[in-house]
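Engineer: One-letter residues, chain by chain:
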Amino acid sequence: MKIDLITRQLYTDSGLFLKKLHCPKKIRNSDLETQDGKLNCSVCSDSILDTAGMSDSELEDIVKGNPQQCLKIDLNQENLSFLK
Amino acid sequence: MKDKHYNPKNLPVIKTCWTEKDINDAARKGYRPLVKRIEKTNKIRSKFAILQHTDTGEIKRLGDFRQAFSEHPDFETVIDWTWYYPENFPEPFAAYMIPKDLKAGEEVWIDDLIEDYVGSEWNQGNTTRKKWAEAIWTGSELEIKFDPQDITILIG
Numbered sequence: 001m002k003i004d005l006i007t008r009q010l011y012t013d014s015g016l017f018l019k020k021l022h023c024p025k026k027i028r029n030s031d032l033e034t035q036d037g038k039l040n041c042s043v044c045s046d047s048i049l050d051t052a053g054m055s056d057s058e059l060e061d062i063v064k065g066n067p068q069q070c071l072k073i074d075l076n077q078e079n080l081s082f083l084k
Numbered sequence: 001m002k003d004k005h006y007n008p009k010n011l012p013v014i015k016t017c018w019t020e021k022d023i024n025d026a027a028r029k030g031y032r033p034l035v036k037r038i039e040k041t042n043k044i045r046s047k048f049a050i051l052q053h054t055d056t057g058e059i060k061r062l063g064d065f066r067q068a069f070s071e072h073p074d075f076e077t078v079i080d081w082t083w084y085y086p087e088n089f090p091e092p093f094a095a096y097m098i099p100k101d102l103k104a105g106e107e108v109w110i111d112d113l114i115e116d117y118v119g120s121e122w123n124q125g126n127t128t129r130k131k132w133a134e135a136i137w138t139g140s141e142l143e144i145k146f147d148p149q150d151i152t153i154l155i156g
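Chain order of the listed sequences is A and B. Here our numbering is used: the first residue of the first sequence is 1, the next is one more, and so on. Here our numbering is used: the first residue of the second sequence is 1, the next is one more, and so on.
It should be emphasised that the hints constitute simulated quantities derived from the structure, not laboratory data. All figures in this text were calculated on a predicted structure; none of them were measured in a lab. Incorrect hints may appear among the rest.
In the DMTMM-like style, the derived pairs of lysine to aspartate or glutamate whose C-alpha atoms are separated by at most 25 angstroms in a straight line are [said to hold, decoys possible]:
hint, chain 1, residue 1, chain 2, residue 2
1, B, Lys-29, B, Glu-106
2, A, Lys-2, B, Glu-106
3, B, Lys-43, A, Glu-58
4, B, Lys-47, A, Glu-78
5, A, Lys-2, B, Asp-64
Only chain B is shown next, with the shape it has when bound in the complex (with noise of 0.2 angstroms):
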């Protein structure tokens, strides 16, 4: 079923290529590619613990609190809850592949992101990064509309 937040207004989407092959093989097909640097924040996270028993040394590995140490006997706790940031790049930088045809100030749908936004939150602390998001073309940049969610917002 296709998530009503993807691409409301159907708009030209722009694809991303993170390889140095993928992004040269888009050039030779005639995009222009807008390369990126990956900058990692540290708004995007999520956890782990490890127990491991106390005989065989096996591992049990936790990502939820409600999994609570005293659950699991004789195990210990080897390495306490950790943040980390779970997403794994095959390179420190992307492009944007820009249509050369593409005119400045047009509105476009980025189908996958290399700056990092937070996507969602958990209660947990967890948080995902956000995958897509419309943006305008200014003719060199692709500035990015980012249009908060529900679920990236707390009120109180």
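One chain only, chain A, in its complex shape (with noise of 0.2 angstroms):
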């Protein structure tokens, strides 16, 4: 998975376009809460998907069925990396 920093897009490692990540309330992981091991946004209750661990192939699914699906994306996690 890669993601371009500034316009905050993010694409497969093969360059295929996933999403642009864009939250109209500006959530932060801090406003993220956990039940039954979930995440879920504490201002509109939407599901929150980890990506940290997923395969390309699962975000494209993801993304296929729910283009509006809220990702969460750690800059540390070792299945990104950063375009230029």
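Assembly of the complex is requested from the two constituent chains, each provided in isolation within its own frame, with the hints serving as guidance.
Structural biologist: Here's what the structure looks like:
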């Protein structure tokens, strides 16, 4: 998975566009709640999927199934690199 | 003013030495150096561009996209925006100074990380290196308990 830190656009390692990270509420990590092992937003109650450890194919399927699905990206997670 | 994220549990602090001399000085004082290669990640980065005056040859270094090239008449771009690793180390290795009485399982605070972790990012793509972290001494290694801060987590 690759991210353009300036545009916040997310891509697979092969360059396929996944989605642009955008939260109108500007939610931060500290605004997330864990319930039954799942992450939820404390403001809108939507589920947030933690992408650490996910494969590109898993992410593709998720985004295809629900383009509005919120994702959590940790800049230090191992499956993430930065686009120039 | 003390940073609220610095050693909140008031754990024993592990110091880092960055040169052969300092490592050996600490070893002679009774510490056991835990030596590490410095491995640079391309996730730590800054950027620059260089403009040059067309007549005098003098240069300007830019670091912020808001310093638009068009705002510098009589200058031309000689190096376009370029990412680079901004940190410098005196050696390609460093060492954590482990007290000889430190027990396996003990929690400690690493004052000056050798490993590269992103500590913060800026919406122009720059990132900075994380300076410190909590860790557990296993008896032979320091397992860093990385606690992601708001500033390194993106949600959307």
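Engineer: Compare the structure with each hint and give your call.
Structural biologist: So, going through the hints one by one against the coordinates:
1. Lys-29/B x Glu-106/B: holds, 21 angstroms
2. Lys-2/A x Glu-106/B: Status violated; Cα separation ~36 angstroms.
3. Lys-43/B x Glu-58/A: Roughly 23 angstroms between the alpha carbons, so the hint for Lys-43/B and Glu-58/A holds.
4. Lys-47/B x Glu-78/A: Between Lys-47/B and Glu-78/A the Cα gap is close to 23 angstroms, so the pair holds against 25 angstroms.
5. Lys-2/A x Asp-64/B: This hinted pair holds, its Cα atoms lying about 23 angstroms apart.
Violated hints amount to a single one, hint 2; each of the other numbered hints is respected by the structure.
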